[in-house]
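Given next are the chains, with one letter for each unit.
2 protein chains.
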Amino acid sequence: MDLSSFITSLTTSFLIFVLLMLLFTWLSGKPGNEFVYYPNRILKGLDPIEGGYASRNPFAWAREALSSTENDIISMSGIDTAVYFVFLSTVLGILALSGVLLLPVLLPLAATDKSRKTSNQATSNGAFSNLDKLSMGNVGEKTDRLWAFFAGTYWVSFMAYYFLWKAYKHVSQLRARALESPEVKPEQFAVLVRDAPALPVGQTRKEQIDSYFRSIYPETFCRSMVITNNKKVNEIYEELKGYKKKLARAEAVYAVEGTRPTNGSGLLGLLGKRVDSIDYYTGKIDRIIPRLTAAQKATLRENQQAAALVFFTNRMAAASAAQNLHARFLDKWTVTDAPEPRQLIWSNLDIRFFERQVRQIAVYVVVALTILFYMVPIAFISAFTTLANLKKLLPFLKEVVDQPTIKTILEAYLPQMALIVFLALLPELLLFLSRSEGIPSQSHVERAASGKYFYFSVLNVFIGVTVGGTLFSTLEEIEKDPNSIINLLARSLPRNATYFLTFVALKFFVGYGLELSRVVPLVIFHLKTKYMCKTQEEVKESWFPGDMGYATKAPTDMLILTIVLCYSIIAPLIIPFGVVYFALGWLVLRNQALKVYVPSYESYGRMWPHLHSRVVASLVLFQLTMLGYFGAKKFAYTLIVIPAIIFSLVFALVCHRKFYRFFQDTALEVAARGQNEPAPNMGQIFRCYLPPSLTHEKVDKDGQP
Amino acid sequence: MDLSSFITSLTTSFLIFVLLMLLFTWLSGKPGNEFVYYPNRILKGLDPIEGGYASRNPFAWAREALSSTENDIISMSGIDTAVYFVFLSTVLGILALSGVLLLPVLLPLAATDKSRKTSNQATSNGAFSNLDKLSMGNVGEKTDRLWAFFAGTYWVSFMAYYFLWKAYKHVSQLRARALESPEVKPEQFAVLVRDAPALPVGQTRKEQIDSYFRSIYPETFCRSMVITNNKKVNEIYEELKGYKKKLARAEAVYAVEGTRPTNGSGLLGLLGKRVDSIDYYTGKIDRIIPRLTAAQKATLRENQQAAALVFFTNRMAAASAAQNLHARFLDKWTVTDAPEPRQLIWSNLDIRFFERQVRQIAVYVVVALTILFYMVPIAFISAFTTLANLKKLLPFLKEVVDQPTIKTILEAYLPQMALIVFLALLPELLLFLSRSEGIPSQSHVERAASGKYFYFSVLNVFIGVTVGGTLFSTLEEIEKDPNSIINLLARSLPRNATYFLTFVALKFFVGYGLELSRVVPLVIFHLKTKYMCKTQEEVKESWFPGDMGYATKAPTDMLILTIVLCYSIIAPLIIPFGVVYFALGWLVLRNQALKVYVPSYESYGRMWPHLHSRVVASLVLFQLTMLGYFGAKKFAYTLIVIPAIIFSLVFALVCHRKFYRFFQDTALEVAARGQNEPAPNMGQIFRCYLPPSLTHEKVDKDGQP
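The listed protein sequences correspond, in order, to chains A and B. Each step along the first sequence adds one to the number in the UniProt record's numbering, with nothing skipped, and position 51 is 51. Each step along the second sequence adds one to the number in the UniProt record's numbering, with nothing skipped, and position 641 is 641.
Do not take every clue at face value.
Given that identical chains are not distinguished, each listed pair holds provided it fits within a single copy or across any two copies.
[To be verified] Pairs of lysine to any residue residues, derived as SDA-like cross-links and limited to a Cα-Cα distance of at most 20 Å, are as follows:
#	residue 1	residue 2
1	K332	H656
2	K658	Q357
3	K658	R356
4	K169	P197
5	K332	C655
6	K169	K332
What the hints contain is simulated information worked out from the structure, not anything from laboratory work. Note that this is a predicted model, so its numbers are computed, not measured.
Please build the complete structure, drawing on both the sequences and the hints.
So this is what it looks like as structure tokens:
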């Protein structure tokens, strides 16, 4: 890629971003759009726009985001979101402080090096453009200038340790504060019990569980809820909900239009003879309710599983029970802390201990295979989508492609677009796989998927593109001389830097522009409210913003971080791009967290240890890259990069030892501080965990399950 | 080694064993020796010999050992000893059932194979004797007979899985039964607290600890004992004890001889002017007691450390507290279960969390280096101590050595003796290293040392001798053709088999003969009582038998097991030797456990998981050996040994998952079953933990600390 196409890519990205931001300012000020731009505030019962529309200027949102405190974020969006911002600002700190020292030192050193010019083969094939002169590729082998790059490696590493340590402490503090708060959270009074042993003769599951826990916790045991297999009752409940929705819709249509709507009684309400909708759905509902009640009774009686939620009268007892070994064998009476009611995955609870283990191993194998076999297409994509290759493969494109503007744009975007589209397909697959492991809570599933996604993107995108791109473009050279592969990699690393530079720029300008302007949700909202939504409920559904989507955001950030870190010394010019990515991300997402998204669960910062260890993993990958690259540059003291790798591993170990367990178990001093006086309403806590399909009709009748 | 020297070795060993056993029968029946042969019974207040001396026959001890039940062992020697016998009988089971199938099948197959005879180089240099014909070395390459050996590999593996699984379940049951017993054990009411944070201003350590635990356990917290640095008070106490002993001795001499003994007032009681001993030591004691009392007060006041024992009013609370995370950071308020009072290592308790980690890593490095550098001398020893090499190196020995009898004996024993002497030097070093890790209990230190010893012996002895012996004897061949190394190893494995066969035989006949006859303790006892002991206390000291010495017994057994397992298919003749070793071991040690040794601590079977995983490790080493050996035999289906290795690893993982945690933490259902009604005397439990140096004088005065 030459300088002009790089500049084109950058300016187009930036223009798109400016355009989207202006669009956002204009649209978010228009009345009627507040459901798209301020749903979180609306749902929390706040005035959508503080200060009214008049005082708005295009950067008001940014000012508000900047002036918001961590406590604002916690109150509007929870601890998990606050932790995500700690992650963003930590990475920002690492990159900013690295850049402050590295840019003024390393760029001039690279640009003014003359030692390489004499024997430079790369210039001949045009790979060394002006841009590449600013990278380490321009520094000659064995020169003393390499010492500066070497020192830079250590500087980046120590910045990372410093900020990560501070952040881990801070997040631990955030988690403790949340768990200490006197507010009653049902999950703090419950534990999840799995793998109850076979029923003794003449006992029901409930009796077995109650007697077991009452004997161990005679004073603090409160009651238990046996997990049932709700598949059948859920189906009926969904059917009922569907009819109720259709009934409400028909009634709304009747109220507005004055004529009673009709529908077909056959397939999808389209075929069959026309009937009066209100009567039809009322009849359906009347017929289905006894079925639901019967199914509820049958489920509660017959579908009891070997798992239960056990409730304690105080937090201490629950926190302690979740950490203790109860039976002699670990695969009997497994007790863990209870997830929030809203994120409990009922269908996973009955999976037995060793089946969970087997499932986990199977899923890991599947993921490893997928990573391996995705490598192949990715390498092909990055090889094919260079324009020169495309022309060779599809000669009829030559006419179009040779026009200068199109050529520049295509050259700038084609590979990156291919990559981004490709990565968008993955998350759902990984979520499904993680859920199949038998994990009991949604947040845990998302963390697991997020981890897999990270390995995926780092291994495939970063290593795949670097190695793959190099291999394909220079396969012939390798055939001639297999020993040249290290030299090739060393040469290809700086060459790929510009590719990743554009990738990062595209990601932040276009990605965050789209995120902020919410063009797609806006269009959907307006289309839906205009043509489809009839009832209030349907309208609300059409603008409900949902979750911010941790599971896919974090690994993408991690990928960017890995790329920026790995190139931070080789091509320091990438650092400002990384800084802008994370700064812009912080700003835009801060706005979205405060005003748009509604978190679908709260795990009190359990995501952090994963983020932390992945940042350290990126750091190690960076150090390994430098080890290899210094080696390729024939730097005599290459091996003194190794202590940095050892430091990183020790740092990871120390952090894990010191901090991790609190993210797994609740420390008793924290639980003790949060004791509730007087004891909370245990009936209410119990009812939080009842799934709607089991309580629905009873609640309708007397308000009490 | 040829057949005749093998037979010589075997018969001499056996004769020594018979001799020692007869000696034992004769000596143990003689009155006055009961303190050497029945100390455990005497200390437990039992009649030394049931049924009196008259009814003794030479095998009465064996009959008694065989008819003793596991409960006898538990009541006479505790759970730990019972677990050791479970280990012995498990290994015995594995080897016996392996032998039953393998010997009748594999030996004829090996002996009758003719395919190898034609191209046998090894015969020429005499390595293939009659004995070696019974080994797999005699089976030709690529023959179908290898299938039988292959099936044997799987048979041994499955026998191991079966017996190990049964044993783990059984030991878990033993441990549960012991922990459930209503007998009051102080360690079940206490936890060990380490890493208390820095003292807040104006609080003493005791106040800090009490207030912390009282706030978390308002109902079950009883009291705490702050750990002090007792170095100085211990020194004074030891000095006092020394003087008291000397005083008692002087008084005993006076009582017997009627003249007041004298001693020098200078160095060691030998130099200086002569003084009256009784007056002299009484004066010393009178002067030292005030110093001790002052030191006790100072210690309790000023030497308080950031560690404590915390006592709870019931077992459940203590069992639960030991498993819980108390503070947010793992390196603050570390709570673990309390060891027994007698095995608590006070001086290790104050070492801080991360210092412990660093010490542990440092010790591992030291051990790894020691293993590495011991490899060199061991390899030399095994090379030098073959007679041919000795003659070459020390030609003047030729005269002596060439006499047939001496030659045979030397050839039979020299290498084995060298090895055994060498291994005897290690345990103390390893115990010292393990103690330096900062481990709080003696049993844990011994387990850790035992683990190190295992790696030591397996890596050095087994691999060192096999590889080293081969390398030295055939260094020239390798120089000629480096690729021949695999063939060399394959050929050397069966050749080394006879070496190990003699090693095992020596070990069991002579080792267990000495163990049973207790010749050395007997001599020491008689010498001491005759010439040195004056007081009753000194006599008791002279016959006190001490511990059985787990830490060194188990790794030796493991080494034998590893050798026998690894050669079980290659040279099946080794199996009966293994069976005899473990059967004889079981029998002899059963006698010793019932009548001689007094366990110095009780860890309720915590040794088992270590034994278990090391047996599995031996099994894996065996499977790896077979993988290599089948490969060297050019067996086409060699790779189907790999599933066996995977089975072993999965088996180890499953066992670890299912059983291990109960050996680390007390399961609450077990603790709940053992609840004491009414609550025990907490003051008494507290006093158990006070070290004698801190309570000595107070107890003397009013019987109450």
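Quick rundown of the hints versus the structure:
no. : hint           : in the structure
1   : K332 with H656 : between (28 Å within a copy, 14 Å between copies)
2   : K658 with Q357 : between (27 Å within a copy, 11 Å between copies)
3   : K658 with R356 : between (28 Å within a copy, 13 Å between copies)
4   : K169 with P197 : between (40 Å within a copy, 16 Å between copies)
5   : K332 with C655 : between (32 Å within a copy, 14 Å between copies)
6   : K169 with K332 : between (35 Å within a copy, 14 Å between copies)
Of the hints listed earlier, there is not a single one the structure fails to meet.
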